[in-house]
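Protein sequence lines correspond, in order, to chains A and B. Every letter in the first sequence is one number past the one before it in our numbering, and letter 465, counting from 1, is 759. Every letter in the second sequence is one number past the one before it in our numbering, and letter 117, counting from 1, is 161.
Treat the hints as calculated values from the structure; they're not laboratory data. Any given hint could be a false lead.
Said to hold, decoys possible - Okay, derived cross-link-like pairs now, DSBU-like style, lysine-lysine, Cα gap no bigger than 35 Å in a straight line:
id: 1; chain 1: A; residue 1: K677; chain 2: A; residue 2: K476
id: 2; chain 1: B; residue 1: K324; chain 2: A; residue 2: K508
id: 3; chain 1: B; residue 1: K69; chain 2: A; residue 2: K677
id: 4; chain 1: A; residue 1: K678; chain 2: B; residue 2: K69
id: 5; chain 1: A; residue 1: K508; chain 2: A; residue 2: K476
id: 6; chain 1: A; residue 1: K420; chain 2: A; residue 2: K678
id: 7; chain 1: A; residue 1: K476; chain 2: A; residue 2: K420
id: 8; chain 1: A; residue 1: K476; chain 2: B; residue 2: K69
id: 9; chain 1: A; residue 1: K508; chain 2: A; residue 2: K420
id: 10; chain 1: A; residue 1: K761; chain 2: A; residue 2: K678
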Amino acid sequence: MYTETYLGEGQSTTGSHSPATASSILVADCGTVFTKVSLLGLVEGQYRLMARGEAPTTVAPPYQDISKGIIQAINEVEFITGRHFVDNGRIISPEQPTGDGIDLFVATISAGGPMRLIVLGAVNSKLEELTAQAVSGLYAETYPLPAPSYLATTTQDTLTVGTVAKGSSNLGKQGQETSERKDLEWQRQLERVRELRPHAALIVGTTDNPAGPKPLQEACQLVINAVQELNKYQYGSAPARGDQNNASSRQLPVLYAGAPQFVEAVRRMLDGYTEVTRVETLVSQEQLGPTSVAATALYERDVIQRVPGYNHILSWSKTVPIATVSSLSSLVRFLAQHYTMNVTAVDVGGTTTTVMMAGEHSEFIPLVNTGVGVGPGLDNILKKAGPQRVARWLPFNITEDELQQYVLNRMLHPQVIPASLRDLQIGQAFAREAIILTVEAARNHHFGQFDADLILATGGVLAHAPKFGQAALILLDALQPRGVTSMVLDRTMLISQLGAVATVAPIAAVQVNENDAVMHRLGTCVIPYGDLPQGQVAIRVGIEYNSGRQVTAEVMSGSIETIPLRINEQALLTLYPAPTVDVGLGPGERARAAEEIDGGLVGLVIDARGRPLVFPTDETQRHARLLQWMQVVGA
Amino acid sequence: MTYPLGWSVIRQILIRRERWPGGYKTRGTALVHPGQEVQPDQPVIHLERLDLADTITEFPRLASPTPPYAGQSADYSGVQGSIRTNSQLISGLVPAGLRGRVINITHRGGVIIESRAAIIQGALGAGNQVAGILTAWNAASWFQEPGAILSNRPLEADASRPFLPGAILVVPGPLNFAMLLQAMSFRVAGIVASSISSRDLSDFLRTDLIALLNSIDIELAQEHLPPVTLLFTEGLGTVAMPARTINLLSRYQGSMALLSGATSIRQSIFPELIISLSVKEVQQNWRPVQPDPALTIGSLVRVCSGIHEGVIGEIDHLFIYQQTFAAGVRGRAARLRLEDGSTLVMPLTLLERIG
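Work out the full structure: start from the sequences and follow the hints.
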């Protein structure tokens, strides 16, 4: 998997301070629902988070200007600090002797919606999968529309569905029927394009298929028709061919990753209708990088830069605002390499859930589950996971109607905070499923098990959880990690912006990360797995505190326990798993930590519930079990 | 939510709207020209249906998801005649619905009209833009008991004001499935009500409500909806209509209004009812409002979710520090002074400014 590191090209417009020596930095993250602003400053020679503000994002009417929400959030920071950072709708820069103003402004954006990318040509399941992987690190949705001729020659069953059923007497007219259905499929695809309003098209596929080069030709024809159709509805007339200067002719830019020998033919066909960017022919995982880079460039140009108010914030900044996910990926990879450990980052947002796994050997798996989130993205969770899966996390009965009503209300009012414990628990149940769906999507991309040493969690539903135990239990339930791991909660919701800060002020990014962003250490978790013996002890844990005190705990299979190990406390662990139970070194293998483990806000968690988690089928028992788990971890 | 114009009820504002009754498969021919003054009942568009891809929807789609309306079964046995959808109804002459000046003609034949108007923006709705006469449900009694739960009562036309086909019916309380069917049998063009349960609404619309609200192309998504445009001022549930909304609606009873039900979360489109002010009103009392959605001391606000949903009050204090609420969640908060003099502390995120 590949995601381009952001290099942070400078666009100096305000102030004269070198970014690396900035003594005050304002960082804004414009999410789909909320805009968060953080003030970073020097305190005794170290960069620290000084204040943060939050306001609803203002990308939609009546404001339709993302900078308004940033200013509202900055006003909150001004209120807290007593300093002024905005004057007449502009950022004051550089920092003044009075303390007003800042030296550097950095912005990340996830508002603006996902990039809708139609995938055309000879799209088989492998290419469908590859294209999804190529954009898995972006806010993007792919919609495969295989060429009608390709469908006709490769998916007999699909094409016999329709006006003529399989085995009917009309089979003698198969050629004619196929032609009719190709026409129908053609019109259906046009209608689908009209419905989707895609931002871009990706043409894939080589010619070693039964339809030969025809799918590429049809892909071009579909693009031409789509451009004409889009222009007709948007501008009243189709642009004349060759009208390159017409802005509308850039409505559906094309990335060409198909057969190399046809690239010029494709350019000729689309000349005058749209721009064509050639990328390496996509046939295997090796070519994902170029496709991913090209898609990222399109996303930044056609989605981020078109967010209302983008130019306004660009004028405040020395750096180009970048996608929040690009910023997060930079930070996660940095952490994995810097601390030589496997890091899993989880960000549950309003419309997107992101899980990123970065390994100490530069492995990197980003999975941005676009459209799945705990705000406007709730509908996709309900649709993909189903009401039963959501309801299984709730210690009370709930009807499908109530869940549906919850989703609708949250979609209409994504910014509201839970008004009751019931509301809170429903929201947290959806958060679990959002993470599970994202991890499942990663597995569908054939990414294997990834055992994290550190789980880093961010996003409103986790950061604003009233109890640390609630955040810990959501992560344990949803990620179902194995072995030994530690969990950190980013309550400041800063980590997804620090990657962007690092491109211009790396020292500030590192210091704020260590001093503030990852300061809410939830604790270390021991998660035995394998064949847990029912009704017996799964693991015995020996704890030797740095005070010299020694404790031994036995944890039964199917249960979860916490052992007090507070923040600033350390202990040495010795693990004695049952013969069939594994803690990372093989079944029954005893493990003794080489280094002391740190305590946390929840404590040392021993999760012997088994993998995968199994719920009692009886509702009353399930409720009791969930309540017990919550009680144990203080949720 | 933040209303696209800032507040949910605006008594006077200068707006521009495209008069377009909806539908991809239609083409309009403007009957007016830019600069021309139009009256609400004046035909401004001649609408024709296009045959474009009409037959496609008759065939099962080869690889697309099931259409959102498939699999739903609503009982329309109480409605006489066959059920028509929005797409089947659109043709003929289209009245302006607004009083004002034609600003432009759009490529599809829509007419952009500038008008001085009163606007009610809803929390939720469905259906294409329609024009009709505002007609109160049981006008004789409803102002005496605003917000009463009307669910079990049949719709009754006031003897002096019968439900005319094409009217926009105003129901000052929650609506239910039976009332919707009844209203459709009266062939009203639209209904303005306070709220409805999600089940009743999705059953009536015969669609997956979530998919409808989240559709990328709202016009296409609305093609198969029943031909009654709906606007719910408060949204889902059984929330009563605020007195200020009722007052505005009662004031303009009998006037022609323009109602759009289209609601798209993706595109921040919300339903609205626009009532052009009379010439006399404009001449004598034109004080347009510039709505400011910012929450400040003195703002009139409405609670948009939770057990206090629908409560209206004035902000009399903004807390400096975050407050802790029922679920243990902390957030910035305001103290509201309610109409009865009592106070209520609410998170800012649950408040929407209405005045």
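TODO: May I ask which of the numbered hints given earlier this structure violates, with the numbers listed in increasing order?
DONE: Number 2 - this is the single hint that the structure violates.
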